[in-house]
Amino acid sequence: MIISIASGKGGTGKTTIAVNLALSIDNVQFLDCDVEEPNAHIFLKPRINRQEKAFILVPEIDNSKCVYCGKCAKVCVYNAIAVLPGQEGKKGTALVFAHLCHGCGACSALCPKKAIKEVNREIGVVESGNCGKIEFVHGKLNIGEAMSPPLIRQVKEHIDPKKTVIIDAPPGTSCPVVVSVKGSDFCVLVTEPTPFGLNDLILAAEVLKKLAISFGVVINRSDLGNDKTEKYCKQENIPILMRIPFKKEIAMAYSKGEPIVKAFPEYKKYFLELFNTIRNGKI
Amino acid sequence: MKQIVIISGKGGTGKTVITGAFAALAKNKVMADCDVDAADLHLLLQPKIKERHDFRSGLSASIDKKICQQCGKCIAACRFNAISDSFVIDCVSCEGCGFCSHICPVQAIKMNENLAGEWFISETRFGPMVHAKLGIAEENSGKLVSLVRKQAKELAEKGNYDWIIIDGAPGIGCPVIASLSGIDCAIVVTEPTLSGLHDALRVIEVTKHFNVPSRLVINKYDLNPDMSKKIEEHCAKNKISLIGKVRFDKAVVEAMVEGKTIMEYKDTLVKDEIRKIWGKLQV
Chain A
0 MIISIASGKG GTGKTTIAVN LALSIDNVQF LDCDVEEPNA HIFLKPRINR QEKAFILVPE
60 IDNSKCVYCG KCAKVCVYNA IAVLPGQEGK KGTALVFAHL CHGCGACSAL CPKKAIKEVN
120 REIGVVESGN CGKIEFVHGK LNIGEAMSPP LIRQVKEHID PKKTVIIDAP PGTSCPVVVS
180 VKGSDFCVLV TEPTPFGLND LILAAEVLKK LAISFGVVIN RSDLGNDKTE KYCKQENIPI
240 LMRIPFKKEI AMAYSKGEPI VKAFPEYKKY FLELFNTIRN GKI
Chain B
0 MKQIVIISGK GGTGKTVITG AFAALAKNKV MADCDVDAAD LHLLLQPKIK ERHDFRSGLS
60 ASIDKKICQQ CGKCIAACRF NAISDSFVID CVSCEGCGFC SHICPVQAIK MNENLAGEWF
120 ISETRFGPMV HAKLGIAEEN SGKLVSLVRK QAKELAEKGN YDWIIIDGAP GIGCPVIASL
180 SGIDCAIVVT EPTLSGLHDA LRVIEVTKHF NVPSRLVINK YDLNPDMSKK IEEHCAKNKI
240 SLIGKVRFDK AVVEAMVEGK TIMEYKDTLV KDEIRKIWGK LQV
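Protein chains in written order, with numbering that gives the first Met the number 0: chain A, 0 to 282; chain B, 0 to 282.
Bound-form chain A, shown alone (with noise of 0.2 Å):
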C-alpha cells in the first residue's frame, strides 16, 4: 500500500512523521517527493548507490529543415518557442526558451518538416539506496529550476508495489503536492493546532477530497495553540490519528537529525499502532 504524508502549511512535521513510521514497521520503501527541500535523507542517512540524473525532453530545432512556418510557436501554450519568418532571402530565425518547456512533445510531432528533435535537459537528480531495511529513494532539484512535478514522476517511477511505500510529500497545495500524493491509498495530513496549521489544513483536506484520496490527521504540538483544529476535524468527520505533544526533547532530538524513536524508542508503538489503523482502515 502507498501512504503519503502531506500537510499544506510547512514545518508541521511531515518529515519527522514519515520517518519515524517507516522506521517502525517492516517491508517498507521511502520515497522523499519533496524535491525542492529533501530532508529524510538527513535523519535516515541512506547509504546511496545509485544516482540517476533526471531529464525533460525539449525541443532542438535543425535550422536546416525548418522553413519557419511558425506551427511549433503557435501551438507550443507555455510560450517555449518563437519563430521569427525569414525575409527578402534572409534565412528566419527559431528560439527555443527551454525553461519554459513542459516537454508535452506537441512541437515535435506536429512539426509539418520533421525539424524539431526532443533532447534531455537535466533539472535535477534521483538518488537510491537503502538504510538498513528500508529502500530508500530521493529527488533533488538542480538550483534555479522551477519545475519540480517532472523530477516527482520519476522518483515515483521506482515505487515498488510489493512493498509499504511512505512517500514524504512537499508543502502546498498546487501542482508538486497534488504529482506527489496521486496514486496513494491514504494519506495523512500533519498539522499544528494553530490558526496557520488550520488554515493550511483545510486548504490541504479540499485538495485530497478531489483527487479521492482518503486521509486522517496527525496533530502536532498539540498542546499548542487553540483546540479549532480539533473541532474542525470533528465537524467534517476527519479521522485524528495521533496527537504528539511538544516536548523540548524531541524538538532537540529533531534539529540534530535524530529520529523520535531512535532517541525514545517507547515511541515506535505508536507509529505501529498509526501504521496498523491505517492498514486496517478501522477509520
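No lab work stands behind these hints, which were simulated from the structure alone.
Just so you know, nobody snuck in bad clues.
EDC-like mimics (lysine to aspartate or glutamate), calculated; alpha carbons at most 20 Å apart, straight line:
| no. | chain 1 | residue 1 | chain 2 | residue 2 |
| --- | --- | --- | --- | --- |
| 1 | A | K267 | A | D25 |
| 2 | B | K249 | A | E248 |
| 3 | B | K47 | B | E263 |
| 4 | B | K259 | B | E122 |
| 5 | A | K161 | A | E134 |
| 6 | A | K230 | B | E257 |
| 7 | A | K230 | B | E253 |
| 8 | A | K209 | B | D89 |
| 9 | A | K268 | A | D25 |
| 10 | B | K152 | B | E122 |
| 11 | A | K227 | B | E253 |
| 12 | A | K247 | B | D248 |
| 13 | A | K246 | B | D248 |
| 14 | A | K73 | B | E112 |
| 15 | B | K152 | B | D183 |
Which chain A residues stay away from chain B? Per the calculated CB distances, all over 12 Å, these:
| no. | residue |
| --- | --- |
| 16 | E51 |
| 17 | K162 |
| 18 | K261 |
All residues carry an ideal CB built from backbone N, CA and C; glycine is no exception.
Following the hints, position chain B against chain A.
This is chain B only, laid out in the frame that chain A set:
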C-alpha cells in the same frame, strides 16, 4: 522604493511571523502575500477586501463524447497520463498543452481556459495589501505570484510608497523563483536544525543564482544553541550575511491565535530582536 521578500527553503520556520512584524514596523509600505497556495498572512493582518479579481490561467482539455471515435491517439500522445482508458480527462493531471486537441482526427477535444484562483487588493490596519488564493490543486502558482507582485508594484508606485514587503513561499521552485525577480533583499528565515540549515543553504544558492542579495535570520535560535552556533560559524566561513537571531517564545503562537502580529502583543524580547533586524535593513 525597495522590495524585500521573506523566504526560507524549509516551511514553518517563521516567514509569516517575521513578515507580519515587519508590516507593523515599516512605515509607508505595501504588503504582498506570495505564498499563494497556502497563504497565511491574512490571518495576522485581517485585510478588508476592496477589489476581487479572477485569476484565469492555463487550459484544460475536454473530450466531446458524441464526436469521439475512441481511436486512442490522444491517450498515446499525452505525456501527463491525463486521459483515462474510457476517454475522460483528469483535469488535475492535465497540464493544458493541447497536444491531444491538435492530433485528434475528428476534432473531438476542446481546450478551455481555467479559473485558477483569485487575487485581491485589500486594506489593512497597516496599509494596503495584495494577496491571492490559488484554486484547489491548481497549477501556475508562479504566474499568480508574478501577478500579485505586479499589482503591488503598481500600487506602490502610484501611492509613492517606500517599501514592498513580500511574504514568500517555502521551497526553491516556481513560486519562489517568481518572488525573487527585481528584489532588493531576500530575508532567509531559518531555524537551528539540520533540516533548516540544509534548506536555507539551498534557497541562498537560488538567490545567488538570480543575483539577489540575501540576509539570514535564525529564528527560535535558543531551541538548540549549539546548532545556532554552528550556523553562525557556517555563515562566517561562507560569507553569508547573518542579520539577526530571534528567540523561541510561546507568545508568538499566542499572538497568532489572537490574530495579531507579535509587535502588537505583550512585551517579549522577540519584539526587540525583530526591531533590531528591521533597523539593520534600513541601511
